[in-house]
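Assembly of the complex is requested from the two constituent chains, each provided in isolation within its own frame, with the hints serving as guidance.
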Amino acid sequence: MRHLMSPLDFSVEELDQLFDLAHDIEENPAKYSGKCTGKKLATLFYEPSTRTRLSFETAMLNLGGNVIGFADAASSSVSKGESVSDTIRVISCFADICAMRHPKEGAPMVAASHSSIPVINAGDGGHQHPTQTLTDLLTIRSLKGRLSGFTIGLCGDLKFGRTVHSLINALLRYSDIRFIFISPVELRVPDYITDNLRKLGIPYQEVIKLEECMGSLDLLYMTRVQKERFFNEEDYVRLKDFYILDPAKMSLAKPDMLVLHPLPRVNEISVEVDQDPRAVYFKQVQYGVYIRMALILRLLEIA
Amino acid sequence: MLNVGKIEEGFVLDHICAGKSMEIYYQLGLDKLDCTVAIIKNAKSGKMLRKDILKVECDIDMLNLDVLGFIDHNITVNVIKNGCIVDKRKLELPKEIRNVLRCHNPRCITSIEQGLPDIFVLSDEKNEIYRCRYCEERYTPTSHTGRC
Numbered sequence: 001m002r003h004l005m006s007p008l009d010f011s012v013e014e015l016d017q018l019f020d021l022a023h024d025i026e027e028n029p030a031k032y033s034g035k036c037t038g039k040k041l042a043t044l045f046y047e048p049s050t051r052t053r054l055s056f057e058t059a060m061l062n063l064g065g066n067v068i069g070f071a072d073a074a075s076s077s078v079s080k081g082e083s084v085s086d087t088i089r090v091i092s093c094f095a096d097i098c099a100m101r102h103p104k105e106g107a108p109m110v111a112a113s114h115s116s117i118p119v120i121n122a123g124d125g126g127h128q129h130p131t132q133t134l135t136d137l138l139t140i141r142s143l144k145g146r147l148s149g150f151t152i153g154l155c156g157d158l159k160f161g162r163t164v165h166s167l168i169n170a171l172l173r174y175s176d177i178r179f180i181f182i183s184p185v186e187l188r189v190p191d192y193i194t195d196n197l198r199k200l201g202i203p204y205q206e207v208i209k210l211e212e213c214m215g216s217l218d219l220l221y222m223t224r225v226q227k228e229r230f231f232n233e234e235d236y237v238r239l240k241d242f243y244i245l246d247p248a249k250m251s252l253a254k255p256d257m258l259v260l261h262p263l264p265r266v267n268e269i270s271v272e273v274d275q276d277p278r279a280v281y282f283k284q285v286q287y288g289v290y291i292r293m294a295l296i297l298r299l300l301e302i303a
Numbered sequence: 304m305l306n307v308g309k310i311e312e313g314f315v316l317d318h319i320c321a322g323k324s325m326e327i328y329y330q331l332g333l334d335k336l337d338c339t340v341a342i343i344k345n346a347k348s349g350k351m352l353r354k355d356i357l358k359v360e361c362d363i364d365m366l367n368l369d370v371l372g373f374i375d376h377n378i379t380v381n382v383i384k385n386g387c388i389v390d391k392r393k394l395e396l397p398k399e400i401r402n403v404l405r406c407h408n409p410r411c412i413t414s415i416e417q418g419l420p421d422i423f424v425l426s427d428e429k430n431e432i433y434r435c436r437y438c439e440e441r442y443t444p445t446s447h448t449g450r451c
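First to last, the sequence lines map onto chains S and U.
Everything in the first sequence is counted per the working numbering, starting at 1 for the first residue and increasing by one.
Everything in the second sequence is counted per the working numbering, starting at 304 for the first residue and increasing by one.
The shape of chain U in the complex, shown without the other chains (with noise of 0.2 angstroms):
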């Protein structure tokens, strides 16, 4: 069994789906914070059977949350401070993402506007559907995100 040992302070992103936790490594950028990054694939599971863990040594409010809640909203989020876990943050689906995925519409004006934000909106909750706020097409989370 391997050890990782315990963060002083940052945030631990447990119940990744097994196999994904690179891919949310990228999404939320941490390639790009000048942190200490764990990235534990495969872990043993009682609930999932195998699963990945991330632990950041940062400030949680690097973390953006609404990104996750997109990415997977049953990906349960540590707040560490002083070794101990302090709160646990539940997570949503965002009503609204900015600048996290790209349509993939032809016909949509962000194919050809500079400086046009990619925005989705969810636009039903139960069955996790978001569209482009300029042309509605559809995205499907499943095809692209850390879900299981």
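One chain only, chain S, in its complex shape (with noise of 0.2 angstroms):
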């Protein structure tokens, strides 16, 4: 029984064959409409967060299979003081896999060590959220065609942005990236990161400006400044509004340029850049949902 706790989990021959499977499934989706008859999934989030725990249901459904779950912990045996291990101990009688969100780092692998069902992190506070990294190397792949030979620019908050530091890592294992991290120098991508690209002897660049980079780009990774990482209010209200991506700025790109972003979008994004084709987000929302049901399937060893 395999769990999901961290992007690299898979590797770079598992993903392929993942990232097959959910090609396969958003070329045939009734193919797999009764794939998972009799199976429930059971959705533990801890902590609010409509989009992903919305996207694994509706993979559930798409299967055929069925949900169960609480959407904070506020209604949830937790707020009686219940453990992650006892929780887990009990859902595995009813459920046949699950999706956990925890505000606290390391949960969902607790809850993996005590399961007897296979356990996906559907994030764990400022730590991993695998199913979006998985979800960003699906449209990349679907939408470019490949996993290497690209300059990415990330840009926004890098030192907190848990998505960023997981799409990094997990890019890592493809050839001929290169990196542009575009921030304040407030929310400089982590030293542990660029020291571990200089060890591995790749190239990155970082910047202030976006219109510096925005010409070599061939995919921008926009990311929202999150309210909830700020321990000074001050701090926040500074440098939230630090980047807009805006048409004048989209008219230096590349033709081909594909902008990502995990969401929600705050002012990061005007939405008059929602109209331009390169503008790839919510497509990446569609593929979000092809990888978990790609991924539901492969946990329990359907396809």
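These aren't lab readings, by the way, just hints derived from the structure by calculation.
Mixed in with the good hints, there may be bad ones.
Here are the in silico distance ranges between beta carbons for each label pair [as the list claims (entries may be wrong)]: (1) S:V207 with U:D427: 24 to 30 angstroms; (2) U:R353 with S:E47: 49 to 55 angstroms; (3) U:R401 with S:Y192: 37 to 43 angstroms; (4) U:R405 with S:L143: 42 to 48 angstroms; (5) U:S348 with S:Y192: 32 to 38 angstroms; (6) U:R405 with S:G64: 44 to 50 angstroms.
Per the computed footprint, the stretches of chain S lying under chain U, defined by three or more beta-carbons under 8 angstroms from a beta-carbon of chain U, are [said to hold, decoys possible]: (7) 107-114; (8) 122-135.
From the three backbone atoms N, C-alpha and C, an ideal C-beta is built for every residue, glycine too.
Below is the structure:
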């Protein structure tokens, strides 16, 4: 039995097979509509996350399965003080597979170690969010046709943004990738990541202005400055609108550059950009459902 | 010069960084053992100028070499039997240490989950970096251990 705690839990070959499966689901949804009949997914969300939870639930429903679970800790037995290890032992008796989001880092790993069903980490604090990374990789692979040989700009909160850290780590396994980190000095990517890039001989640049690098990017990964990661309101207010991607900046980009965003968006991409065919962040949401369907099938050993 | 007598059976921890022996005494849990312990501080040393030494009269199995290796793998462990050194144990950085350190990340699951062992895993041997197994928070041994 396998779990998914980090995007690196799967080898590059296994990920390729998973992406192929997701691609087949996209092409032939009817073929998979009854694959999980009689199976139940438990969504254990100890903190609110409408998007990720609904994506998991949609994935299971698309496969013909059912969904149980809770959407916040207040409506679960955790409010009575139940431990994660006890909760998962109980849920293992009800469901066939589980997706867990928890504000405490490492909670899904604790759950996995006590579980008799596969556990998917649906986000644990600022630590990991592997299905978002798999979504990002599938989106790039599907729309660019490859996962190597490009320049990717990552923009916004590169210090606290777990999706960014996770995506960088996942891309390190592919060849000929160049990184451009676009952030204010206060939100630069952590040293351990740049240290690792230097050690591996992977080229990267750090810039402050988005305009400086727009023309050289094949992919632009925008992120939101997340209020919940700041201890100081003043710092958040000062940095939240540092980057706004608008049509003027898009005019500097290559005609085939793609803009990705893990969503939700606040102000960092103006709504006018939504009309640009290079803005693929809503397609990315759809790929999120396909990859979660593929993941459920793979972990349940159905496909 | 102060003389501390030989021990008959037990172990001698030599080349402890000067001034760190009391920390090691507690970290090894020697305060909880009912045996003779001699703590020698600031002894003269050719190699280190000053060093601390711990002499403990108990079975070597009572000593957690993993913990000691984590605290300072440069310490020499001499095993004593019948008043003579019969073995010298080489310490290594353990791959994993359990229930020695607490993770200080307030967002780590160890901060709320009861009965969860504290586990740190060696993630970078060259730079001696340990990370919490659950949240991967970095732990730098030099700031909390017996090293010079």
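Taking the hints in turn, this is what the structure says about them:
no., hint, in the structure
1, S:V207 with U:D427: 24 to 30 angstroms, "holds (28 angstroms)"
2, U:R353 with S:E47: 49 to 55 angstroms, "holds (52 angstroms)"
3, U:R401 with S:Y192: 37 to 43 angstroms, "violated (24 angstroms)"
4, U:R405 with S:L143: 42 to 48 angstroms, "holds (45 angstroms)"
5, U:S348 with S:Y192: 32 to 38 angstroms, "holds (36 angstroms)"
6, U:R405 with S:G64: 44 to 50 angstroms, "holds (46 angstroms)"
7, 107-114, "holds (count 3)"
8, 122-135, "holds (count 4)"
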